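Going by the working numbering, the residue at position 68 of the sequence shown is 68; the numbering climbs one at a time, nothing skipped.
If you're looking for bench data, these hints aren't it; they were derived computationally from the structure.
Please read these numbers as outputs of a predicted model, since none were measured by experiment.
Even for Gly, the Cβ is constructed at its ideal location relative to N, Cα and C.
Careful: at least some of the hints might be erroneous.
[Said to hold, decoys possible] Okay, the calculated beta carbon distance ranges per label pair:
(1) 110 / 5: 33 to 41 Å
(2) 26 / 55: 15 to 23 Å
(3) 64 / 118: 25 to 33 Å
(4) 153 / 173: 15 to 23 Å
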Amino acid sequence: MQLLPSIELNERRLMLSLARQAIQSHWTPDASAPVTLMNGDLRLGCFVTLHKNGDLRGCIGTLEQDMPLQQAIPYFARAAAFQDPRFPPLSARELPDCILSISLLSEREPLPAATREELLAALIPFTDGLWLSDGYHRSTFLPAVWRQLPDKNDFLHHLLLKGGWSSSGWPSQMKAWRYHSLEFSEPDGELAPEE
1 MQLLPSIELN ERRLMLSLAR QAIQSHWTPD ASAPVTLMNG DLRLGCFVTL
51 HKNGDLRGCI GTLEQDMPLQ QAIPYFARAA AFQDPRFPPL SARELPDCIL
101 SISLLSEREP LPAATREELL AALIPFTDGL WLSDGYHRST FLPAVWRQLP
151 DKNDFLHHLL LKGGWSSSGW PSQMKAWRYH SLEFSEPDGE LAPEE
């Protein structure tokens with residue numbers, strides 16, 4: 001599996017500023033100079049997540065590595081704030097109460113998934129993000145979700161429900177991939193703790 005690059009603290013803070021600036025510009029065009037990233041040309045999977053008072057308020061991103069971070073971070077920050085179908089669009093009043101986090105993703109690596117048991121045996125809690133697809137449905141959980149669902153069975157059960165599958169059966173065409181992430185959050189850009 002591809003190793004994630006080391007991103008310095010100052011660069012992580014710039015990425016978080018870029019995400020917040022992109023959301024804020026929805027209501028008030030920012031007169032300040034746009035944030036320019038040192039690693040802006042880097043192409044990685046990227047998710048932006050918003051939490052309000054500790055609860056999820058939006059999370060949108062991509063597993064694909066086809067967009068430079070300079071474009072991906074503001075794009076997915078706005079999408080998480082205004083287009084996550086699980087939530088109404090973020091209001092200007094809510095933004096000060098939101099904490100933003102960014103997850104930069106490695107390439108995906110296939111996992112054995114002929115049976116639920118085979119997949120569970122290969123899955124590494126608190127390390128692996130998981131993407132499932134059977135050709136009709138697809139769904140992913142970032143590695144950060146392990147903090148809410150630390151049990152492998154619960155993690156997989158909720159991912160199946162999120163993707164629209166029955167939690168009791170197992171699709172014959174199920175495919176699974178793992179990936180890793182570098183996650184950091186406001187206010188200081190520190191990396192998420194390893195479990």
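Hint check results:
For residue 110 and residue 5, the hinted distance range of 33 to 41 Å is not satisfied, since their beta carbons lie about 22 Å from each other. Separated by about 21 Å at the C-beta atoms, residue 26 and residue 55 satisfy the suggested range of 15 to 23 Å. Between residue 64 and residue 118 the C-beta distance comes to about 26 Å, which sits within the given range of 25 to 33 Å. With their beta carbons about 22 Å apart, residue 153 and residue 173 fall inside the hinted range of 15 to 23 Å.
The earlier numbered hint that this structure contradicts is number 1, and it is the only one.
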